[in-house]
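J.: These are the residues of each chain, in order.
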Amino acid sequence: MKWPFFQHPEPEVARYLAGTPRRLSRNTPFSELSFLVLDAETTGFNLSTDRLLSVAAMPVRHGRAEAGGLRSWLFHQPDVAITAATRIHTILPSDSVGGTPERQVLQELLPAATGALIVGHHIGFDIGMLNAAMRRHFHTPLRNRTLDTALLSMRVLDAFRRTGYSNQRPPGLDEVCAHLGLSIWERHTADGDTFATAQIFLLLCARLRRKLGRDLVLGDLPFN
Amino acid sequence: MKPSQPAEPVNRIPLRIAEELRRFPPFSLLNPDVVASLATHATVQVWVKNEAIWRQGVIPEGQLHFLAKGRVEYHWNREGHSELVDVRDVGDLLGLTALAEGVPYQVSAIAADDCLIYSLPWKEVGAEIENADDARNYVRRHLFWLTRVGTAITPATSADGVTTPAGSAGRAKGILQAHLDSAQVVVARNHNLVTCAPSATATEAATLMTHHQLESIVVIDESRHPLGFVHATDLVRHILVDGLPPSTAVEAIMSSPVLAVPEFSSAIAATLLMMQKRVPQLCITEDGTTNSPVLDIWSDRALMKQSGYHPAGLMRDLGHVTTLGRARELSDEIERLAGLYLSAGVSSVVVGQICAELFDELLHRLLQLALAELARGGENYDDVRWAWLSVGSDGRREQILRTDMDNAIVFAGTGDSEHDEALREKLLRLTQRVVAMLVDCGISRCQGGVMASNPRWCRSLDEWLEELQLAELNPAPATMLRAIVLYDMRFVSGDESLVGPLRETIFTRVPKSPGVMRRLAELVVNAQPPLNFSGRFVIERKGRKEEEFDLKGRAIAPLRDAARLWVLKHGLSHHYSTGSRWVDLQNNVPELAELAQLARQSYDELMRMRVLNGLANGDSGRFVDPEKLTKLDRARLSNVFDVIRMVQNQVRTEFGLELRLR
Numbered sequence: 001m002k003w004p005f006f007q008h009p010e011p012e013v014a015r016y017l018a019g020t021p022r023r024l025s026r027n028t029p030f031s032e033l034s035f036l037v038l039d040a041e042t043t044g045f046n047l048s049t050d051r052l053l054s055v056a057a058m059p060v061r062h063g064r065a066e067a068g069g070l071r072s073w074l075f076h077q078p079d080v081a082i083t084a085a086t087r088i089h090t091i092l093p094s095d096s097v098g099g100t101p102e103r104q105v106l107q108e109l110l111p112a113a114t115g116a117l118i119v120g121h122h123i124g125f126d127i128g129m130l131n132a133a134m135r136r137h138f139h140t141p142l143r144n145r146t147l148d149t150a151l152l153s154m155r156v157l158d159a160f161r162r163t164g165y166s167n168q169r170p171p172g173l174d175e176v177c178a179h180l181g182l183s184i185w186e187r188h189t190a191d192g193d194t195f196a197t198a199q200i201f202l203l204l205c206a207r208l209r210r211k212l213g214r215d216l217v218l219g220d221l222p223f224n
Numbered sequence: 001m002k003p004s005q006p007a008e009p010v011n012r013i014p015l016r017i018a019e020e021l022r023r024f025p026p027f028s029l030l031n032p033d034v035v036a037s038l039a040t041h042a043t044v045q046v047w048v049k050n051e052a053i054w055r056q057g058v059i060p061e062g063q064l065h066f067l068a069k070g071r072v073e074y075h076w077n078r079e080g081h082s083e084l085v086d087v088r089d090v091g092d093l094l095g096l097t098a099l100a101e102g103v104p105y106q107v108s109a110i111a112a113d114d115c116l117i118y119s120l121p122w123k124e125v126g127a128e129i130e131n132a133d134d135a136r137n138y139v140r141r142h143l144f145w146l147t148r149v150g151t152a153i154t155p156a157t158s159a160d161g162v163t164t165p166a167g168s169a170g171r172a173k174g175i176l177q178a179h180l181d182s183a184q185v186v187v188a189r190n191h192n193l194v195t196c197a198p199s200a201t202a203t204e205a206a207t208l209m210t211h212h213q214l215e216s217i218v219v220i221d222e223s224r225h226p227l228g229f230v231h232a233t234d235l236v237r238h239i240l241v242d243g244l245p246p247s248t249a250v251e252a253i254m255s256s257p258v259l260a261v262p263e264f265s266s267a268i269a270a271t272l273l274m275m276q277k278r279v280p281q282l283c284i285t286e287d288g289t290t291n292s293p294v295l296d297i298w299s300d301r302a303l304m305k306q307s308g309y310h311p312a313g314l315m316r317d318l319g320h321v322t323t324l325g326r327a328r329e330l331s332d333e334i335e336r337l338a339g340l341y342l343s344a345g346v347s348s349v350v351v352g353q354i355c356a357e358l359f360d361e362l363l364h365r366l367l368q369l370a371l372a373e374l375a376r377g378g379e380n381y382d383d384v385r386w387a388w389l390s391v392g393s394d395g396r397r398e399q400i401l402r403t404d405m406d407n408a409i410v411f412a413g414t415g416d417s418e419h420d421e422a423l424r425e426k427l428l429r430l431t432q433r434v435v436a437m438l439v440d441c442g443i444s445r446c447q448g449g450v451m452a453s454n455p456r457w458c459r460s461l462d463e464w465l466e467e468l469q470l471a472e473l474n475p476a477p478a479t480m481l482r483a484i485v486l487y488d489m490r491f492v493s494g495d496e497s498l499v500g501p502l503r504e505t506i507f508t509r510v511p512k513s514p515g516v517m518r519r520l521a522e523l524v525v526n527a528q529p530p531l532n533f534s535g536r537f538v539i540e541r542k543g544r545k546e547e548e549f550d551l552k553g554r555a556i557a558p559l560r561d562a563a564r565l566w567v568l569k570h571g572l573s574h575h576y577s578t579g580s581r582w583v584d585l586q587n588n589v590p591e592l593a594e595l596a597q598l599a600r601q602s603y604d605e606l607m608r609m610r611v612l613n614g615l616a617n618g619d620s621g622r623f624v625d626p627e628k629l630t631k632l633d634r635a636r637l638s639n640v641f642d643v644i645r646m647v648q649n650q651v652r653t654e655f656g657l658e659l660r661l662r
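For the record, the sequence lines run as chains A and B.
Going by full-length UniProt numbering, the residue at position 190 of the first sequence is 190; the numbering climbs one at a time, nothing skipped.
Going by full-length UniProt numbering, the residue at position 621 of the second sequence is 621; the numbering climbs one at a time, nothing skipped.
Since the hints were derived computationally from the structure, they do not count as laboratory data.
Don't take each hint at face value.
When the alpha-carbon atoms are kept at most 20 Å apart in a straight line, the in silico EDC-like pairs for lysine to aspartate or glutamate are as follows [unchecked claim]:
(1) B:Lys49 to A:Glu186
(2) B:Lys69 to B:Asp134
(3) B:Lys69 to A:Glu175
(4) A:Lys211 to B:Glu51
(5) A:Lys211 to B:Glu654
(6) B:Lys569 to B:Glu522
(7) B:Lys69 to A:Glu66
(8) A:Lys211 to B:Asp114
(9) B:Lys49 to A:Asp79
(10) B:Lys123 to A:Asp158
(11) B:Lys69 to A:Glu186
(12) B:Lys569 to B:Glu627
(13) B:Lys69 to A:Asp174
Quick list of the computed label-pair ranges, beta carbon to beta carbon [what the hints assert, rightly or not]:
(14) B:Arg22 to A:Pro101: 48 to 58 Å
(15) B:Leu632 to A:Ser25: 52 to 62 Å
(16) A:Gly44 to B:Lys49: 39 to 49 Å
(17) B:Lys49 to A:Ser25: 54 to 64 Å
(18) B:Glu130 to A:Arg155: 54 to 64 Å
(19) A:Ser25 to B:Asn77: 32 to 42 Å
(20) A:Ala84 to B:Arg22: 34 to 44 Å
(21) A:Asn224 to B:Asn77: 36 to 46 Å
(22) A:Lys211 to B:Gly62: 50 to 60 Å
(23) A:Arg155 to B:Lys49: 58 to 68 Å
Glycine included, every Cβ here is placed at the ideal spot set by N, Cα and C.
Take the sequences, apply the hints, and build the full model.
T.: As structure tokens, this is what we get:
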């Protein structure tokens with residue numbers, strides 16, 4: 001898709017924008033869809049003050065999670081402090097110093113994200129962090145459609161079905177994995193969480209497929 | 001601060017997948033680095049309960065599946081109804097057979113649970129497995145075949161997902177133990193003990209010993225108390241070496257005092273006592289001292305003889321047979337011995353050899369008896385050189401059961417056909433007598449007339465050579481049938497120099513005759529393994545043996561024929577039995593080594609199965625009822641048929657026989 005009146009000055013970003021359509025037909029079969037499962041570790045939950053520490057992305061094509069295609073990056077964040085989150089993800093400030101600059105990570109991530117549907121657990125937050133970074137460097141957010149596996153699990157798994165109680169919160173990654181009987185390797189690393197999320201995603205899609213009794217199409221999945 | 005070295009974190013997920021893979025064979029048998037590099041190609045797929053991972057008849061996509069979580073059932077669809085044939089559990093590989101053979105899936109794989117599957121590209125995995133001996137062996141011997149076992153099983157029994165290697169662990173007690181169990185106590189035999197008085201001369205003692213075929217004699221006093229032994233070595237030492245006159249009284253040369261044990265004491269202790277005191281025999285006395293009457297003597301031979309059915313004891317008894325009734329009894333014991341050994345897990349090849357030796361000894365003895373009998377009637381065989389041959393299965397030392405006899409006679413012709421006929425007539429009188437005796441011992445006449453008493457199987461050396469030549473010129477089925485039986489000949493008794501040239505001719509001439517070799521190769525290929533298209537047993541549909549399958553014709557025969565074919569081709573004439581032939585091929589023909597090893601194991605298994613089946617049913621054991629086989633036996637049998645297919649394919653390519661539609 002060409003925008004005759006605007007071309008992004010960064011070639012990577014321009015290619016990404018051009019290759020990522022905003023809309024896809026609701027009837028596109030599941031096996032033809034290209035997904036990118038994504039997970040990020042951050043210094044905290046504040047979109048404006050906290051920073052990305054690491055991110056991992058794994059492609060899912062033709063219904064297969066490609067373990068060898070998983071890539072992860074450690075961000076170069078020169079001025080992070082030890083926070084409560086450090087205890088969880090165990091990425092020390094000294095590690096962050098040796099990472100890749102944010103801008104370069106985004107440049108490398110964009111080709112993988114081109115044309116893909118992004119999947120993640122509580123993906124809204126990860127996308128928010130990535131978008132903040134995108135805006136800082138390229139003045140444009142990501143335009144992929146996204147799917148939260150937490151929401152998908154609420155739709156597919158009876159245990160997490162929407163109850164109407166106001167205090168119901170979407171299930172966490174551990175809860176979903178425990179319910180599905182999956183074990184998470186390397187929990188709280190971007191790698192491990194991404195792989196677990198990819199497995200959850202495939203399993204949930206397969207469950208949904210059985211529930212509906214037919215092959216899935218894009219319209220069956222709650223992408224926003 | 002500037003970023004020092006923008007380090008890309010290692011992708012840890014493939015490493016974790018590799019770790020997971022390496023918990024299970026065949027990946028556990030591969031180099032860890034290789035597994036790690038394979039894991040980088042891994043993709044993850046999910047199937048939920050009741051979904052089909054693949055359907056029967058579909059061509060594989062080139063992905064080998066590793067079941068990381070869940071359970072998969074193999075359903076075999078036949079004539080409209082589907083049947084659960086196998087179950088796969090965590091750590092199992094799916095679709096290996098189809099990939100390895102490049103054929104469509106033979107069964108449908110249905111997820112019995114939510115399944116998490118790591119798919120690996122077969123091209124890479126296959127290449128790595130091919131490079132690693134252990135892994136290749138594992139794959140070939142276990143998975144490969146088990147995926148083909150077309151037997152219905154219950155999911156519960158295969159839930160462990162690990163196949164037990166074929167073996168006889170815990171099956172029976174060891175052979176030594178079997179012997180010791182039956183020889184725990186010293187028992188006095190109920191017979192007339194040969195004794196002599198102390199005043200008897202050495203000559204008298206030696207005469208008694210020779211007459212009774214003893215190596216020692218016990219010297220007793222008036223009240224039958226033992227005084228000493230005269231052993232053959234005592235005679236040698238005192239009479240021959242020291243030069244005492246043969247008229248010396250035995251009390252001067254006997255070994256004294258004697259050691260005595262009571263009856264029903266431990267046989268092992270008695271044997272150890274003999275070893276400790278370095279004496280060749282003990283006395284069994286009434287109260288265990290030398291001050292009581294002697295009941296029997298106990299030697300290491302007696303131990304052996306008493307140890308159940310020991311081949312050495314049987315061999316000795318066979319040499320002393322004088323009546324047909326006793327011969328019959330001993331033949332029964334040979335068969336019982338074979339059963340004992342086989343159920344104790346001894347290789348059927350070894351048992352076959354033991355039995356062949358024993359039956360040979362029996363035949364020797366029967367020939368002696370027959371010759372003596374005819375000599376009494378005035379017939380003398382000193383003017384003719386002849387040799388008794390075992391041919392066919394007997395020639396291969398494989399007659400464990402007394403099925404039927406296969407034997408022949410070769411005699412030295414004179415060149416004068418009339419004289420030869422006269423000799424043949426004379427020999428036939430001998431052989432007819434011997435064959436009749438063998439029949440009395442429970443060995444039935446050969447239906448095909450392969451017997452030394454048949455004029456067609458009693459020929460002069462020149463006639464036999466001519467016959468071999470005829471088979472080369474005209475390898476028609478009828479002539480070949482005789483020739484093949486003859487190819488497995490073995491000398492048993494008579495003049496051995498007659499047999500050498502015959503066997504040598506076979507091993508030099510046959511490999512040079514393409515027609516005969518082709519016939520032999522066809523024989524291997526034409527036997528169809530009793531598996532149908534999708535790898536299930538086929539049972540006999542016609543004839544008296546309906547619902548059973550022919551173990552000999554369909555399984556044993558092709559392996560036997562292939563061994564003969566290759567042995568002839570490579571000129572390995574040292575061994576007679578099919579088992580030893582395979583070993584020979586394994587050691588001497590590198591390109592067949594692996595196949596020969598598998599074939600030998602398979603052959604062993606088949607023979608064991610056949611003999612045990614035969615003993616259980618009291619027949620030749622040729623027909624097996626598949627319903628009566630245990631699950632393990634059935635799995636083994638399917639493995640064996642895979643080996644037969646491999647052998648047949650090898651013969652096909654090596655001898656240029658076209659591939660037939662199976």
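J.: Taking 20 Å as the top limit, are the C-alpha atoms of Lys69 of chain B and Glu66 of chain A close enough?
T.: 17 Å, holds
J.: Take the C-alpha atoms of Lys49 of chain B and Glu186 of chain A, compute the straight-line distance between them, and say whether it is at most 20 Å.
T.: 28 Å, violated
J.: For the pair supplied as a hint, Lys211 of chain A and Glu51 of chain B, confirm whether the alpha-carbon distance does not exceed 20 Å.
T.: 12 Å, holds
J.: Taking only the CA atoms, is the gap from Lys69 of chain B to Glu175 of chain A under or equal to 20 Å?
T.: 18 Å, holds
J.: Kindly confirm whether 54 to 64 Å is satisfied by the beta carbon distance between Glu130 of chain B and Arg155 of chain A.
T.: Taking Cβ atoms as reference, Glu130 of chain B and Arg155 of chain A lie about 46 Å apart, which means the hint is violated.
J.: Between the beta carbons of Asn224 of chain A and Asn77 of chain B, is the distance compatible with 36 to 46 Å?
T.: Holds: the Cβ-Cβ distance is about 44 Å, inside 36 to 46 Å.
J.: Assuming the hint says 32 to 42 Å, is it satisfied by the Cβ distance from Ser25 of chain A to Asn77 of chain B or not?
T.: 36 Å, holds
J.: Does Asp134 of chain B lie within 20 Å of Lys69 of chain B when you go C-alpha to C-alpha?
T.: 25 Å, violated
J.: Within a Cα-Cα threshold of 20 Å, do Lys211 of chain A and Glu654 of chain B meet the stated pairing?
T.: 56 Å, violated
J.: What's the verdict on Lys123 of chain B and Asp158 of chain A, does the C-alpha distance respect the 20 Å limit or exceed it?
T.: 41 Å, violated
J.: Given the hint that Lys211 of chain A pairs with Asp114 of chain B, test it: the Cα-Cα distance must not exceed 20 Å.
T.: 13 Å, holds
J.: If you draw a straight line from the CA of Lys69 of chain B to the CA of Glu186 of chain A, is it 20 Å or shorter?
T.: Within the cut-off at roughly 18 Å; holds.
Hint violations for this structure: numbers 1, 2, 5, 9, 10, 12, 14, 17, 18, 22, 23, all remaining hints satisfied.
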